[in-house]
Every structure is written in structure tokens, then in C-alpha cells.
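The primary structure of each chain is shown beneath.
Number of protein chains: 2
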Amino acid sequence: MTYCVGMVLEKGLVLMSDTRTNSGVDNISVFRKMFTWQVPGERIITLMTAGNLATTQAVISQLEERTKEPDERDNILLKSPTMFQVATEIGRLMRGIISERQDANGVKGRGRFTASIIVAGQIKGMEPRLFMVYPEGNFIEASLDTPFFQIGETKYGRPIILRGYDRQMSLEDAAKLLMVSFDSTLKANLSVGLPLDLQVIERDTYEAGHQHRIGHDDSYFAAISDGWGDALKNAFHSLPDYSFYRPDD
Amino acid sequence: MTYCVGMVLEKGLVLMSDTRTNSGVDNISVFRKMFTWQVPGERIITLMTAGNLATTQAVISQLEERTKEPDERDNILLKSPTMFQVATEIGRLMRGIISERQDANGVKGRGRFTASIIVAGQIKGMEPRLFMVYPEGNFIEASLDTPFFQIGETKYGRPIILRGYDRQMSLEDAAKLLMVSFDSTLKANLSVGLPLDLQVIERDTYEAGHQHRIGHDDSYFAAISDGWGDALKNAFHSLPDYSFYRPDD
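Protein chains in written order, with UniProt numbering: chain V, 1 to 249; chain X, 1 to 249.
One chain only, chain V, in its complex shape (with noise of 0.2 angstroms):
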């Protein structure tokens, strides 16, 4: 399995990702899922991995266009005008790779194979965007109204963003807000895992921000999973207290 959640914000993106895959429980390993490409000054872009491996990993190859000699190799998130151009291409690649895979192997509809991918990124001269590209190869846009996507095992970590987000907050905020996230996240499932990476990338500026990975040994983070089970009962505890003998039975 695999935790990814993007999220927009007035400063800019947030990204976070965790590195385990598993197929079974007894075979686990670390695989980054977050990759960052940039022309400082003028455009920065980070994707997120989720699904089959094989797949996200051929869809990276392709974008950096690894079949090719390395010096005849044109990278197409570097060279495309839009964010959108961005989202449009790795949509068409991801489709063709879990195409052929499935052609080749007999699967119909959408099975085996399957990824999807958040792609957020800012090119100067335009907005920070956030995209989620499915492995139909369509995909959508984050708006105010959605200002996040999550990708893999996404419900025990919405609860606390649904409630914790504000787009006006800081990215420290935001950066905070999803450890807490993936703290009930790597609580509650097994296949996500240590260590997370964080990515921030501010508006503006067009090249990578604050980044980080959070291994076993991150100080910040335990007092973060330590912290949140405590700071739980005392909300729990502020909520009016229920009694079984109430005005209005």
C-alpha cells in the first residue's frame, strides 16, 4: 500500500509521501514514491506514486525519456509549456504503459497494473497547481473546494485534514497537519511505513523549498505520534460530557 496526500495552500504546495511497498506482508521495501524535477527560477514539478511499481516507475522512465542515449534524452516535464501539458502527458503515458501490460497479459477493465498519480508543481509566469491523474489518463484539478488529494490508503488520515486545514495556515502548519495524518495512517496500516518524505514548494519562488525525510529517528516526528494520542483525550475530554439520564429523552 502507499499514503500520499498534495495539498494547496495560499503559500504554496505541501507534499508528503510514505516509501514502503509490499507485495504480501513478507516481502517490504523502501521505494521512494515522491520525485522532484526543477529549473530553478523557472519551474518546479513533484510527483506522487501510488499502485503498481513497475508502472509508476515505467512512467518516470518515459517522462526523462530513458529508452534514449543520455544526451539525446529530452525531458518532457521540463519542456512542457503548462502544468497542465504536464498532467495531459503523464496521463497519456500512464494509460499506455497499463495498456500494453494488460493487452499482454489478458486482463480486461481496470485491474492489475493500475497507479495513480498527484502531480503539483509551479512554472513562472503561473499559478501553483495540483493535479490527480488516474490511471485512465484523465485526471483532475485540485480547487478551493478540494484544496487536497490523498492517493492509497486515504481514510484513517482524511478525518484530521478534513478538520485541520485551513488555506490561509503556514507551510510549517501544513507540513505538521500531515504528520499527523500519516502518524494515524502508519497506526492503523501495517503496509505504510517509515521513512515518510516531505516535500514544500513555495509560491513563487520555482525551485524546491524545504524538504525532508522523516526516518525512525526523526525527533520532530516522535514527539508529534507521542504528543497526538495525549492531545486526542484532552480534546475528547473539552467535548460536553454525555449522560445517560438527559432534559430532552
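It cannot be assumed that every hint is accurate.
Identical copies carry no separate label here, and so any pair may be met within one copy or between two of them.
Keeping only pairs whose Cα atoms sit at most 16 angstroms apart, straight-line, the calculated EDC-like set for lysine to aspartate or glutamate is [said to hold, decoys possible]: (1) 124 to 204; (2) 233 to 166; (3) 187 to 145; (4) 233 to 173; (5) 11 to 207.
These are computed hints drawn from the structure, not numbers from a lab.
We have chain V; now place chain X onto it with these hints.
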């Protein structure tokens, strides 16, 4: 969809279920998913059901022997000597009903018509017991390590129960905890809906304790639902702030 939770505490059992059933988003109904039988002073048994409604209604009907004339009926739940027997009997009935329906429709494996049932109760002279019965007819019992069962849409509401549950907590606090868990689920999944049914079984009373249907006009639930967002935000802000410039980076 459905959401039901059963919880074992030192002081007894607390159970909550929603009432929404849907076949597509344009065919939504209210059906009770919680059923209680008692012989006051001798036993109390409560079931909560998730899954195919025709299957769970058939299980309930057969438990009450509704195929027979009213005065020849012998309620299986009221004559079983132990809660273990009750769970066994429910598993046997459910498996039979599902197989029959699957065979008639040529369905193989674990497919349509499946259901799960949470069985809770206490019979005089024995401990309060909580079971989860699977569509295959087998079942598991709650323990000190796993003191609650959820069925249906379980993920959104799970993190708060994991953090908030304490075997020593009062039955009132357990009811409040379930309301917070249900509120998170209602906010995230349209197919789980009000009203909610709450049933408390106090240890060694052998009869239904506090029971309550939480409707749209329930002032306490509204206070929990409204207050939880702010309480979570306060909990979030009570944790140490994240900084992009950290000494250990």
C-alpha cells in the same frame, strides 16, 4: 454502507450503529441495524448487522423462527445456554442463507449476499461477551488486546477509538467516544447516515441499559459534532510547531 461498533469495557458493553442502507446513491433508506432481545434478570443479547440487507433480515427472522406459527416459535437467542452458542448458531444460519442465495445465482467464492454480524451480550452467571461473526460462519471474540469490533465503513472512525479507548472508562465516556468516531465517519462517507442507535449493556444487570436514537435534532450529538472540529484544532496547535530550520537537519 454501514458503520457499527461494539466495545467491551470493564463496566459492560457499548454498541452503536447507523441506519442508512443504500443501493446506489439514489436509493437510500433507513433500516435499523441493531436488534436487542432480553429476558430481564437472565440475559440480554444485541446484534448489529452489516452487508446484504436481505441476508441479515433473513438471519434475524430465522433466529426468531418466524417461518413457524407465532405460538410454535422458539427464539434461538433466548434458549442458547451460552453466548458462544449464540454466536455459533448465528454463524451457522448466516452461512446457510448466503450459500443458498449464491448457489441459486451461480455465484462462486466470497461474493454478493455476504454480511457480518457483531454479537454482544451477557447471560447470567457468565461474563459479558462480544463476537464478530463472518459470512463464512466462523467468528472471533474480543479480548484485552482487541477490545472492540467495527463493521462496515471502519477506517475513518478508527484512529480516534485507537487513541481514546480505555477499558476502565465510564460507559458514558464510551458512548461519547463512539459519537466522535461516528461523526468523523458521517463527515467522510455519505453512505453512513443518521439516525444512530446507541445501546448500553451494564455488566451484571442482564437487561437493556441506556438506549437512545440519535436523530438530526439531537442537541448533544450536534454539540459533539460542532465542538470536535475546534477541539481537534486546539489539539493540533498544542503540539510543538514544525520549523523548516531545525538543529538536527
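**Request:** Would you list, in rising numerical order, the hints stated earlier that this structure does not obey?
**Result:** none
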